[in-house]
Amino acid sequence: MRMRLCIPFLLGLTAVVAWTATARAQPPGGPPRGGFTFDRVLERHDKNDDGKVTREEWQGPEEIFTRMDEDKDGVITKKEFESRMQGGGGFGPGRGRPGGSGTAKKIEGPSIVKGKPAGLDVGQYPPDFQLQPIEAYPKFREWLGDAAPKSADDKVKLSQLVGKQPILLLYGSYT
Amino acid sequence: MKALYEAYQDKAVILIVYIREAHPAGNDQKAKDAGWKAIEGTVFVQPKTFDARRKLAETACTFWELPIPTLVDTLDPSINSLYDAHPNRTYLIDTDGKIVSRGVKGPRGVNVHQCELDLRKLLGITDGELVTKSPGSSRSSSGRGRLGGEKDKEESDKPKNP
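Chains as they are written, first to last, in my numbering: chain L, 1 to 175; chain Z, 176 to 337.
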């Protein structure tokens, strides 16, 4: 009698244990999103099998490489990939929206408006900077008056340009 | 870019910030082998000094005949990193110092036409002809990747990839 009762119980317990073991076989947090693992990245892009992917080896969208390359040294390592995945940032090409969504990183330093925190989202005050121009453009005299750079060695401070007219910043390079 | 600047330079502060190269030539490449990544004898490698970058910026702006005042980013720390701008990006800031528009990052995200639309909206300009064209469904979006891009209403003949 006891044996008849025990067998179904043991079978049930075995099923529970098996189910639990299967569940635990998944990596913490579940399988990588959509199966996107670093091994898969290497399979596709690591031409010389050195365990990392250079910009030259990369065949995907540029913006995804840029997003993965945290230290901007032109190489994606496993550490950078995993850091990105754990941060939940994903690698979506960012389709979108002009104006953009919030950035993950905190902006250190002053903004272009005194007393306001710096940010990169629409509605926020962008960070201030000082950079040298290629030359002392006459336009700077129009915009800055006496504060205009007199040579290419003098710096232009973005916050000094705020006020009279909108500012359009175009970031880029020749290549 | 050039047409945009020429049309609105009296109404807005328009600046180029020249940042790290998006597709630099190899460090050992010679001008004759670098294809479009060289202008005359200047090969567009990733510069290792500020002065080297300034030289590239000057060469590029001269080549494109860009009258737009251009600032040169420092190597480290870089404003490019601060603004999350690499490889290309646009920011429009109003007279209160707030960002009113932030372009999608390039290369294909940069849209000079949208810059013009946003600028006109900010300035309250409703009449007059636009100087940029919509990228539409054309592969050659206005301002693909490089600062010079297409000459606004002309097609670029630079190869997409060297």
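Because the hints were derived from the structure by calculation, they are not lab data.
Quantities reported herein were computed from a predicted structural model and do not represent experimental measurements.
In this text, a Cβ means the ideal position worked out from N, Cα and C, and glycines have one as well.
Treat the hints with care, since some could be wrong.
[Claimed, not checked] Covered stretches of chain L (in silico footprint by chain Z; criterion: 3 or more residues with CB under 8 Å from a CB of chain Z, positions within the stretch not fixed): (1) 42-51; (2) 75-81; (3) 131-137; (4) 144-154.
[Said to hold, decoys possible] So the derived label-pair ranges between C-beta atoms look like this: (5) Z/Lys207 x L/Lys79: 51 to 57 Å; (6) L/Asp49 x Z/Gly299: 54 to 60 Å; (7) Z/Asp302 x L/Gln59: 44 to 50 Å; (8) L/Lys116 x Z/Gly210: 31 to 37 Å; (9) L/Pro117 x Z/Lys207: 18 to 24 Å; (10) Z/Lys223 x L/Asp154: 31 to 37 Å.
[As the list claims (entries may be wrong)] Only pairs whose alpha carbons sit at most 20 Å apart, straight line, appear in this in silico DMTMM-like list of lysine to aspartate or glutamate: (11) Z/Lys212 x Z/Glu181; (12) L/Lys79 x L/Glu108; (13) L/Lys164 x L/Asp153; (14) Z/Lys186 x Z/Asp259; (15) Z/Lys230 x L/Asp121; (16) Z/Lys223 x Z/Glu240; (17) L/Lys155 x Z/Asp302; (18) L/Lys164 x Z/Asp203; (19) Z/Lys205 x L/Glu80; (20) Z/Lys273 x Z/Asp251; (21) Z/Lys223 x L/Glu80; (22) L/Lys157 x Z/Glu304; (23) Z/Lys296 x L/Glu56.
Hint check against the structure, violated hint numbers in rising order: Failing hints, ascending: 1, 2, 4, 5, 8, 9, 10, 11, 12, 13, 14, 15, 16, 17, 18, 19, 20, 21, 22 and 23.
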